[in-house]
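Order-wise, the sequence lines are chains A and B.
Letter by letter, the first sequence follows residues 1 to 130 of my numbering.
Letter by letter, the second sequence follows residues 1 to 57 of my numbering.
In short, the hints are calculated from the structure, not lab data.
Fair warning: there could be bad hints in the mix.
What the hints assert, rightly or not - Incomplete in silico selection of chain B near chain A, CB under 10 Å:
id	residue
1	14
2	17
3	22
4	25
5	29
Just so it is clear, CB atoms sit at the ideal spot from N, CA and C, and this is done for glycine as well.
Listed below, chain by chain, are the residues.
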Amino acid sequence: MRATTIEGAQGANPLVVALAAWLIPGAGHLWSGQRFKGLVFLVVLPAMFATGLALQGRLFPFELQQPLVALAAIADLGIGLPYFIAKGLGFGGGAVLAVTYEYGNTFVIVAGLLNLLVACDAWDVAAGRK
Amino acid sequence: MQTHLGLLVLFAAFVSVVFAVLMRDEPRTQLRFGATLFGAFIAGAVVAGWLMLPLPL
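This is chain A alone, in the form it adopts within the complex (with noise of 0.2 Å):
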């Protein structure tokens, strides 16, 4: 298996294979040919994030301002494409008085910080080093 997973990523250069796994999550396991892998985080991370705008959780800002926002807007981005996809369509707003506000903002910040490990863990096995 783990020979599989060094050819499936020979000659990729990892740093692409990170932003692809950035992106699309579960996307540079799936170019590793880690095909199970793959389709375990294309299919959780973003049923989380998406779970997240739907308990009402908001896509923070980027306010330089205020540190705590920037670094949640930060980890907002790590879920890559779904994040911009949401934006597109005006989700991410959040509803400060619903009750699951904080509920969803804690599922859309953990889906992107989930999604940033899963990216550095594609890396490492695009450069052969898992």
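Guided by the hints, dock chain B onto chain A, whose structure is given.
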């Protein structure tokens, strides 16, 4: 489903699946690690909730 416990279980499930698949390679060890992580999430939340029961003092 929109109870604190329901959302906690859903969150634990999402995170456990991702970590199990990310950190283990074999299906059996993925299942075992994911189940352990999920159980730890739920047990940790129940214990933390129990400890906070007397609050505010």
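**Item:** Cut-off 10 Å, beta-carbon criterion: hint that residue 14 (chain B) touches chain A
**Value:** holds (4 Å)
**Prompt:** Can the hint on residue 25 (chain B) be confirmed by a CB-to-CB distance to chain A that is less than 10 Å?
**Reply:** holds (7 Å)
**Item:** Residue hint residue 17 (chain B), partner chain A, criterion CB-CB below 10 Å
**Value:** Holds: closest Cβ of chain A sits about 5 Å from residue 17 (chain B), inside 10 Å.
**Item:** Agreement of hint residue 22 (chain B) with chain A interface, Cβ distance less than 10 Å
**Value:** holds (6 Å)
**Prompt:** For the hint on residue 29 (chain B), does the least C-beta distance to chain A fall short of 10 Å?
**Reply:** violated (13 Å)
Of the hints listed earlier, the one the structure fails to meet is number 5.
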